[in-house]
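**Q** What follows is the residue order along each chain.
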Amino acid sequence: MITLPLLLVLLLWGTIVGLDVVTFPQSMVSRPLVAGTVTGMLIALVVPDSRLNPVFTGMLVGSVLELYALDVLPFGAARYPDFGPATVSAVYAALGWKPEAGLGGATAVGLVTAVLGGWTMQMVRRANAAAIQRKAAALAAGDTRAIRSLQLGGIRRDIARSAGVTACGLLLGIIIWPLLPPGSENFRWVSVVAVGGGVAAALSGAIRVAGRTRRLAWVMAGLAGGILIVGLQ
Amino acid sequence: MNGRWRAFLRLFAVQGAWNYERMLGVGMGYAAEPLLEDLGNADPGRHAEAVVRSAEFFNCHPYLAGLALGATVRAEYDQVPGPQIIRLRTALCSPLGALGDQLFWTGLSPALLSAALIAVCFGAGAWVTLVFLLLYNVARIATGIWSLRTGLAAGADVGHKIADSWLPKAARRVGPVAGFLIGLAVPLVGDWALQWVTGYQFALAVGIALLGMFLSLRFRHSITSVRFALGMIALTLAWRWIA
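These protein sequence lines are chains A and B, in that order. Taking my numbering, the leading residue of the first sequence gets 1, the next gets one more, and so forth. Taking my numbering, the leading residue of the second sequence gets 234, the next gets one more, and so forth.
It is worth saying that the hints were derived from the structure and are not from the lab. All the given hints hold, so there is nothing to weed out.
A few chain A residues that don't get close to chain B, going by computed Cβ distances all over 12 angstroms:
| # | residue |
| --- | --- |
| 1 | Thr-3 |
| 2 | Leu-8 |
| 3 | Pro-48 |
| 4 | Ile-174 |
Here are the computed distance ranges between Cβ atoms for each label pair:
| # | chain 1 | residue 1 | chain 2 | residue 2 | range |
| --- | --- | --- | --- | --- | --- |
| 5 | A | Val-46 | B | Glu-282 | 52 to 58 angstroms |
| 6 | B | Phe-452 | A | Phe-75 | 17 to 23 angstroms |
| 7 | B | Pro-316 | A | Val-46 | 55 to 61 angstroms |
| 8 | B | Ile-475 | A | Gln-122 | 35 to 41 angstroms |
If you're wondering where the values come from, they're calculated on a predicted model, not measured in any experiment. The C-beta atom is built at its ideal place from N, Cα and C for all residues, glycine as well.
Work out the full structure, taking the sequences as your base and the hints as a guide.
**A** Here it is as structure tokens:
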């Protein structure tokens, strides 16, 4: 179903959200909820097929991946998955399927792409360090051109990284479906596991951050409220 | 001192050349360049030293980097001795990192995202993501402007200014709100995303959530939530292929 205009739009958007994760401007467009919804909107613009309902698919896949991303804290030198391009690829992977069937495979695509994105982030950071080593003399002399060149070089590397990760994710979104056991019921089981894993991720992340402080009581109070609302519904 | 707006805009890319050697150092040097231009005209020798110092190792939360940038640049103009400026930079790393992480990464960001997720579960449309982006970025940009202004005004006295400011109080207060909203959002999203499944399948999702929570809290360094989920998906696929 992928067409050249759609491929180009998704590659561009994946690159923008990949860049947003760390490098520029960290405006949170790379959060899965945002990236997923906007991916859906972009697909709706490029492929005006009302049966696909891409905006809803984007919000659904984005919400589930957001549960996983809530467990990630981008502290300083921490290594973490890159959910920006991963969400773009995941939403693309879910297109054409009923939500309950497509969600699991799409989440799997998203998680694998996010891990790949995390690895490539380490590679970019090492490449940035190597570039600094090469310009050590210029930096020690207070050469502003060297600083500028290092900064722009780092941004260029991250642009290439983000585009590459998005391309890999989109490819994975195409080849994932033959790997899954055929039948919508099988796909539905994968969706169940994917959502269960997301709930585990968000809650364990919230509990870990809270530690044994007063915040833990607030997490538990919110959880009780959420379970109560679900029960009442 | 000119170049404040250019420096502010460059701070959006302060992590552009992030690396394990100098961390934010190069980005700080890049953002400092417009602010140091006047120093270059007045005292070229001091300017060269200031440029070297501006790009040395530095790490903090990116949104609060303006405080350190402004303070150190002001100290350069005030002719504060170089070793003292280096000590000031080093001293600012941890508090600015901790405050920013508390305020944004574990506070405002998850709080607003959880609120957005709750709204989505209750039927809100795509507009909710735009509202999230707007609110978050207004807070983030306002903090960035305040940071650079405060740093430039305070110079070497920036530590006291931070301690007396709204920042530590806000960082403390936003945490419980974020915790509550995450707790509230998670079951709602789980239920919303599984609205099509049968009772057995819903029970399985709850079981997996409990198992995943236990394993990732107990073995946090070896079993991350992503590894757990991918492992469970692989097991499910194997089971369904065999079945």
